[in-house]
Amino acid sequence: MSDNNNNNNNNNNEEVKKEGGDQEQINIKVLDSNGGEVFFKIKKTTPLKKLMDAYSSKKGVNPSSLRFLYEGNRIDYENTPKQLNMENDDIIDVTIMQVGGSNN
Amino acid sequence: MSGIALGRLTEERKAWRKDHPPGFYARPATNPDGSQNLFSWQCGIPGKEKTLFEGGVFPLTIDFSEEYPSKPPKCKFPKDFFHPNVYPSGTVCLSIINDDGDWRPSISVKNILLGIQDLLDAPNPKSPAQQPAITLFLHNIEEYNKKIKSQTKLYPPPS
Chain A
1 MSDNNNNNNN NNNEEVKKEG GDQEQINIKV LDSNGGEVFF KIKKTTPLKK
51 LMDAYSSKKG VNPSSLRFLY EGNRIDYENT PKQLNMENDD IIDVTIMQVG
101 GSNN
Chain B
1 MSGIALGRLT EERKAWRKDH PPGFYARPAT NPDGSQNLFS WQCGIPGKEK
51 TLFEGGVFPL TIDFSEEYPS KPPKCKFPKD FFHPNVYPSG TVCLSIINDD
101 GDWRPSISVK NILLGIQDLL DAPNPKSPAQ QPAITLFLHN IEEYNKKIKS
151 QTKLYPPPS
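As they're listed, the protein sequences go chains A and B.
Residue numbers for the first sequence follow full-length UniProt numbering, beginning at 1 and rising by one.
Residue numbers for the second sequence follow full-length UniProt numbering, beginning at 1 and rising by one.
Chain A with its partners taken away, still in its complex shape:
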């Protein structure tokens, strides 16, 4: 897997691609409970917080009121697509979180 392209081994920058995969962007579809879809492109090593925040602001809601699920499991802010073994064209499910009680 290691591609030893010996030209410009620039050692000053972050993460020259190692496994050929880390810097690769994947397409992710965020699917809401009504079937609405929003598409994102994200690097496999970028924390998914970025995607969640972008989705929330696009929808004009507080990120904490949304629940993002991948394969039925809640996604944490720090999780990256790589950690969760996400692939290109995978789906993230989003639902509105219900909170009991009346004061926020």
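The hints are simulated quantities; they were obtained by calculation from the structure and are not laboratory data.
Hints may contain errors.
Unchecked claim - Taking lysine-lysine and the BS3-like style, the derived pairs with C-alpha atoms no more than 30 Å apart in a straight line are: (1) A:Lys29 with B:Lys110; (2) B:Lys14 with A:Lys43; (3) A:Lys59 with B:Lys50; (4) B:Lys76 with B:Lys48; (5) A:Lys29 with B:Lys48; (6) B:Lys18 with B:Lys71.
Unchecked claim - For the chain A half of the interface with chain B, some residues (derived, Cβ under 10 Å), not all of them: (7) Lys59; (8) Tyr70; (9) Val94.
Please read all numbers here as calculations on a predicted model, not as lab measurements.
Where a beta carbon is used, it is the ideal one built from N, C-alpha and C, also for glycine.
Using the hints provided, position chain B relative to the given structure of chain A.
Only chain B this time, still in chain A's reference frame:
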């Protein structure tokens, strides 16, 4: 034989990842060594809105045999799941996944899960699979509805 089943399951997995109905999940089980077991899937079926199942996500295991897709997979809710067409073991009794019924190899995992979601709120009293649920359904619908409601609370969405 196993090659056919595995090939089809790989395709089903791929198709599900790219496209699935909102609120559902379906993932192959993980072996002790961390690899995936495509012959056993852990799934979640959301209850439909405006039914007594709304707000619940019901866990279902689908087990495929080497003879899949010639033979249907086995679908199981947790043991003692309360529903007229679910056996005490949790096994779902539904025509489209019945070997002697309407099973066809072209039926997808998505079709199965959507079919079972439909079944939740539309039991078939003519083909009961357990005593407690069918008795209440036929003779005491209020108590039946109460039981269904409290069961739904047992299965909140993943958090």
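Right, here's what the structure says about each hint:
| no. | hint | result |
| --- | --- | --- |
| 1 | A:Lys29 with B:Lys110 | holds (18 Å) |
| 2 | B:Lys14 with A:Lys43 | holds (21 Å) |
| 3 | A:Lys59 with B:Lys50 | holds (25 Å) |
| 4 | B:Lys76 with B:Lys48 | holds (19 Å) |
| 5 | A:Lys29 with B:Lys48 | holds (23 Å) |
| 6 | B:Lys18 with B:Lys71 | holds (25 Å) |
| 7 | Lys59 | violated (15 Å) |
| 8 | Tyr70 | holds (9 Å) |
| 9 | Val94 | holds (9 Å) |
Of the numbered hints listed earlier, the single one contradicted by the structure is hint 7.
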